[in-house]
Amino acid sequence: MSKELIRLGDVSMVFDGEPVLDHIDLTINDHEFLTLLGPSGCGKTTTLRIIGGFQTPTSGDVYFDGQRINDLPPYRRKINTVFQKYALFPHLDVYDNIAFGLRVSKLPERSVDKRVMEILEIVSLRGFQNREVTSLSGGQQQRVAIARALVNQPKVLLLDEPLGALDMRLRKDMQNELKRIQQALEITFIYVTHDQEEALAMSDTVVVMDKGCIQQIGSPVSIYNEPKNAFVADFIGESNILDGVMREDFLVEFFGHRYRCLDKGFGKNEPVDVVIRPEDVDIIAPAENVLCGTVTNVIFKGTFYDTFVDVQGFTWLIQTTEFCPVGTRFGIQLDPDAIHVMKKSKYSEQFGDYSSYSDEYDELEADPEGGADEE
1 MSKELIRLGD VSMVFDGEPV LDHIDLTIND HEFLTLLGPS GCGKTTTLRI
51 IGGFQTPTSG DVYFDGQRIN DLPPYRRKIN TVFQKYALFP HLDVYDNIAF
101 GLRVSKLPER SVDKRVMEIL EIVSLRGFQN REVTSLSGGQ QQRVAIARAL
151 VNQPKVLLLD EPLGALDMRL RKDMQNELKR IQQALEITFI YVTHDQEEAL
201 AMSDTVVVMD KGCIQQIGSP VSIYNEPKNA FVADFIGESN ILDGVMREDF
251 LVEFFGHRYR CLDKGFGKNE PVDVVIRPED VDIIAPAENV LCGTVTNVIF
301 KGTFYDTFVD VQGFTWLIQT TEFCPVGTRF GIQLDPDAIH VMKKSKYSEQ
351 FGDYSSYSDE YDELEADPEG GADEE
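For what it's worth, this note's numbering labels the leading residue of the sequence shown as 1, then goes sequentially.
Since the hints were derived computationally from the structure, they do not count as laboratory data.
Incorrect hints may appear among the rest.
Claimed, not checked - EDC-like mimics (lysine to aspartate or glutamate), calculated; alpha carbons at most 16 Å apart, straight line:
| id | residue 1 | residue 2 |
| --- | --- | --- |
| 1 | Lys268 | Asp249 |
| 2 | Lys268 | Glu253 |
| 3 | Lys228 | Glu238 |
| 4 | Lys301 | Glu238 |
| 5 | Lys343 | Glu248 |
| 6 | Lys343 | Asp263 |
| 7 | Lys268 | Glu248 |
| 8 | Lys211 | Asp25 |
Build out the structure end to end from the sequences listed, making use of the hints.
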């Protein structure tokens, strides 16, 4: 059974009269890789800073290993932080950058050397100890920053969008490295990102946030397959979010067609949101009793096509390996496990129609250079 390490109890944060965190409750377990995920301004970095001791919540309590730590300064917490800007010392080599904190703590030089060499091995930088940090690649500098944060053996590492400055290929490599390092050291990582793929790839637990509130907590698989509301469904992956009516358990209706599904527990004839992932739609020949649509735009994505389809005035996104040119009319087939039914929420009606995306693609095709935005 997982052991609780950090707990935020009814934590709120207000800046200049504006709420940034709104009564959040969150438990983080020992040895867990937990990601705070959400758009800019959702409160994820503020949550991280409160855990690290860089900010004190306006109200609520922060516990570490059962002890309330609201007033404990950052340097007395068994927590270290890696920021997007690595803040390495340019006049020191790799070894001295990593050893800096240990020497400040007056650790014997023999112990310093032992720890530095061990952490260099863990972050795959053995042999780089005498290099100048300014000569390293972005990914190598990032590993030095992580090594410096880990060398004094914290129980928790906070990472605030640490891969933001790296290119896409290096980001993916570092995602694998971070997960490997976390598992090797068996410590808790708390990671902040707005990148859904990053969160799904690395995390044991994902916390989806919006406007200072936690929308859903769960494993990457449960968050993706069982979103709680339209915001989560839209933010985690691509989604067609439709208005529907739950006629009875395991039977939902939308666009005038009834479908078997796996959901139950809703009221009879209750209005609901219906989520259908683009990759879960099967294309079939059009028929009289089949939901049909007409292709309005097609974008090649390498291994599949983003196919935009007008269905009774609502634009669906379908991802398929089959090329269907603009104007093609086909039927839509949905298996029961392709349909996810959600309660209506304040986010209903805000997401799901891909007509605006089609407009953006049209603009890009008309102006392939993208133009220059005016400030």
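Verification of the supplied hints:
no.: 1; hint: Lys268 / Asp249; verdict: 8 Å, holds
no.: 2; hint: Lys268 / Glu253; verdict: 12 Å, holds
no.: 3; hint: Lys228 / Glu238; verdict: 15 Å, holds
no.: 4; hint: Lys301 / Glu238; verdict: 14 Å, holds
no.: 5; hint: Lys343 / Glu248; verdict: 14 Å, holds
no.: 6; hint: Lys343 / Asp263; verdict: 11 Å, holds
no.: 7; hint: Lys268 / Glu248; verdict: 5 Å, holds
no.: 8; hint: Lys211 / Asp25; verdict: 15 Å, holds
Going through the hint list in order, the structure satisfies each hint without exception.
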